[in-house]
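Protein chains: 2
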Amino acid sequence: MKEQKRKEVSVCLAGMGQAVARRELSFGTERRYRLAPGETLLDLAVCAAEEALENAETKIEEIDCIVCGMATPLQAIPCNGALIHERMAKGLDIPAMDINSTCTSFLSALDVMSCMIEIGRYEKVLIVSGDTASAALNPGQTESYELFSDAAAACVLSRGDGTGRILYSCQKTWSEGAHDTEIRGGGGLLPAFSMDVNNREDYYFDMKGSKILKLCAKKLPDFVSQCLEEAGVDRKEIRLVIPHQASRALDLIMPRLGFPKGTYMNRVSEWGNMISASVPYALCQAVREGTVQRGDLLLLLGTAAGLTANFMLLVY
Amino acid sequence: MKEQKRKEVSVCLAGMGQAVARRELSFGTERRYRLAPGETLLDLAVCAAEEALENAETKIEEIDCIVCGMATPLQAIPCNGALIHERMAKGLDIPAMDINSTCTSFLSALDVMSCMIEIGRYEKVLIVSGDTASAALNPGQTESYELFSDAAAACVLSRGDGTGRILYSCQKTWSEGAHDTEIRGGGGLLPAFSMDVNNREDYYFDMKGSKILKLCAKKLPDFVSQCLEEAGVDRKEIRLVIPHQASRALDLIMPRLGFPKGTYMNRVSEWGNMISASVPYALCQAVREGTVQRGDLLLLLGTAAGLTANFMLLVY
Chain A
16 MKEQKRKEVS
26 VCLAGMGQAV
36 ARRELSFGTE
46 RRYRLAPGET
56 LLDLAVCAAE
66 EALENAETKI
76 EEIDCIVCGM
86 ATPLQAIPCN
96 GALIHERMAK
106 GLDIPAMDIN
116 STCTSFLSAL
126 DVMSCMIEIG
136 RYEKVLIVSG
146 DTASAALNPG
156 QTESYELFSD
166 AAAACVLSRG
176 DGTGRILYSC
186 QKTWSEGAHD
196 TEIRGGGGLL
206 PAFSMDVNNR
216 EDYYFDMKGS
226 KILKLCAKKL
236 PDFVSQCLEE
246 AGVDRKEIRL
256 VIPHQASRAL
266 DLIMPRLGFP
276 KGTYMNRVSE
286 WGNMISASVP
296 YALCQAVREG
306 TVQRGDLLLL
316 LGTAAGLTAN
326 FMLLVY
Chain B
16 MKEQKRKEVS
26 VCLAGMGQAV
36 ARRELSFGTE
46 RRYRLAPGET
56 LLDLAVCAAE
66 EALENAETKI
76 EEIDCIVCGM
86 ATPLQAIPCN
96 GALIHERMAK
106 GLDIPAMDIN
116 STCTSFLSAL
126 DVMSCMIEIG
136 RYEKVLIVSG
146 DTASAALNPG
156 QTESYELFSD
166 AAAACVLSRG
176 DGTGRILYSC
186 QKTWSEGAHD
196 TEIRGGGGLL
206 PAFSMDVNNR
216 EDYYFDMKGS
226 KILKLCAKKL
236 PDFVSQCLEE
246 AGVDRKEIRL
256 VIPHQASRAL
266 DLIMPRLGFP
276 KGTYMNRVSE
286 WGNMISASVP
296 YALCQAVREG
306 TVQRGDLLLL
316 LGTAAGLTAN
326 FMLLVY
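Chain order of the listed sequences is A and B. Under my numbering, read the first sequence as residues 16 to 331, first letter to last. Under my numbering, read the second sequence as residues 16 to 331, first letter to last.
If you're looking for bench data, these hints aren't it; they were derived computationally from the structure. Hints are not guaranteed to be accurate.
Identical chains share a label here; the pair holds if one copy fits it or two copies do between them.
No farther apart than 20 Å at their CA atoms in a straight line, the calculated lysine to aspartate or glutamate pairs in the EDC-like style are these [to be verified]:
#1 K234 x D79
#2 K22 x E138
#3 K276 x E304
#4 K233 x D108
#5 K229 x D108
#6 K22 x D79
#7 K234 x D108
#8 K226 x D108
#9 K105 x E191
#10 K226 x D266
Assemble the whole structure, with the sequences as input and the hints as a guide.
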């Protein structure tokens, strides 16, 4: 692994928020949430962002940048950040942008924006994640159709207060997996207007579960070990691992990464895979439930279509 | 304007590249370029990126992060960065992600990644921009249908060599303009599957030209003056302004910002609006033509759907 030089970055997750779609579904013992009629992902995103601001005791006027760490667009144009801005910051001139690494978009946004804060460019950044999974689920592909939930989560990231900091952050992409998780249609390569009766499948979410698992099993153990080594942190020092709630295979993968059951959060049966909202939603929930306290060392860990993996050691 | 604290960032545009679609069209005296059958934006993006690497005398193995600063996705999932990675870096573990602020995505990516380099996280970043404008142009809206070209541009951004640096960078979003430039469909709010005979127009690019002009005329003069003041730079010190080649209205807007004809590039009739590739394509062209030399102070200036504006003073 090529070394990514880094130093500790002094930032604080000053407040978090979460919102889940209203329509509850059950697949066997698994609970999922999908948008109800009239409800949109934008509504959920704004709701989560407002809660994050409230918990951070921060007004939108104090925010220096609005970043959507989302895997999918709300509209093809403009970027999601501008649409969140319209609902929350109309009349203000806060810059808005999107950062996308699919399922780990929140972690990429957190990583990048923590550097912007460290360098003194911004003081407070609002990061909002969430996706409309239900817009492209294929009823014919049970494995993915029954996996996802529509949800949003957000955080106010601010300059460190002495406690909060990011000890180490690393992202890798192995494009051998670029087509293991995809929606082939809907972009420039196969535009919306090209959809016909023969290629409708290409516009659905398509997940090759066993291929992804195989690639993760091949890449992640070394990735995690090398990150820990580079960070100089032992697994035992970590209070809680918050992994992307990718699928029920979490209990297969995590022990192979050296994290036995009980050391990481697994709520897949409770709320499924929330795409980009998955990690921040789980973190927000852990804070809400009191499992995570200020000063705790957390590992935020995720895989994304790409195949991309993010590893972040964070003192909450 | 809320002050964005900033310091000079020592980075160098080590090499640039550009590629334009093969199919040439004429609308009166205006020349435009659109993808030819079998040609894709991914092809153009890879071509521009390879040229940038070559000009920077850099191998892909030396790149620490691949960032697509693009307004539109190639596929709905995964992110564009992963698809570029697959074509250029398969077998390597370089992280890949997208940064999107629509037409100014290149400037946002350059801004954000220069901070990642300044902080020591990365040494060399490949930034690739470009969009498939032709995928969503509405033949019924002449103003936009005849404006855009399909193209790509790229740069290798590396730690400063003593000459190159970003003196000042600022981004603002005024979401009063969120719906002046948009493609309403194709994302989570109006998915590809919801297209029918009654709402096809919503999946086309839709530009309210006179509304955008009015908002730009209202916001940009103060924005540009305040940025120059904050940067402590006089217009006369700037060797060349490279604006987003938004439309033929460039010659109306630029003088109102204090930049008379001859102080800025205008190639709109030659190649049109290339969306996110617009600014880097023009910069690459200016370098190629010898208009821009190492050590020159440039102003990269752009507006984007949002309404977003980016202002960057760069010593090339």
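Practice task
Indicate which option fits the pair K105, E191 if close means a Cα-Cα distance not exceeding 20 Å: within, between, both or neither.
Solution key: between (42 Å within a copy, 6 Å between copies)
Handout entry: Alpha-carbon proximity between K22 and D79, which holds within one copy, between copies, both or neither at 20 Å
Key = between (23 Å within a copy, 16 Å between copies)
Problem - Intra/inter-copy verdict for K233 and D108 if alpha-carbon distance must be at most 20 Å - result: The answer is between: 13 Å across copies meets 20 Å, while 46 Å in one copy does not.
Handout entry: Same-copy or cross-copy closeness of K229 to D108 [CA-CA at most 20 Å]
Key = Result: close only across copies, 17 Å inter versus 46 Å intra.
Problem - Status of D266 relative to K226 across identical chains (alpha carbons, at most 20 Å) - result: within (17 Å within a copy, 54 Å between copies)
Handout entry: Alpha-carbon proximity context of K22 and E138, limit 20 Å
Key = For K22 and E138, both the intra-copy (19 Å) and inter-copy (14 Å) Cα distances are at most 20 Å.
Problem - Intra/inter-copy verdict for K226 and D108 if alpha-carbon distance must be at most 20 Å - result: Between copies only: 18 Å across, 45 Å inside.
Problem - 20 Å Cα threshold - placement of E304 relative to K276 - result: within (19 Å within a copy, 62 Å between copies)
Practice task
Could you place K234 and D79 in one of the four classes (within, between, both, neither) given a Cα distance threshold of 20 Å?
Solution key: between (37 Å within a copy, 18 Å between copies)
Handout entry: Same-copy or cross-copy closeness of K234 to D108 [CA-CA at most 20 Å]
Key = between (42 Å within a copy, 10 Å between copies)
When the structure is compared with the earlier hints, no violation turns up for any of them.
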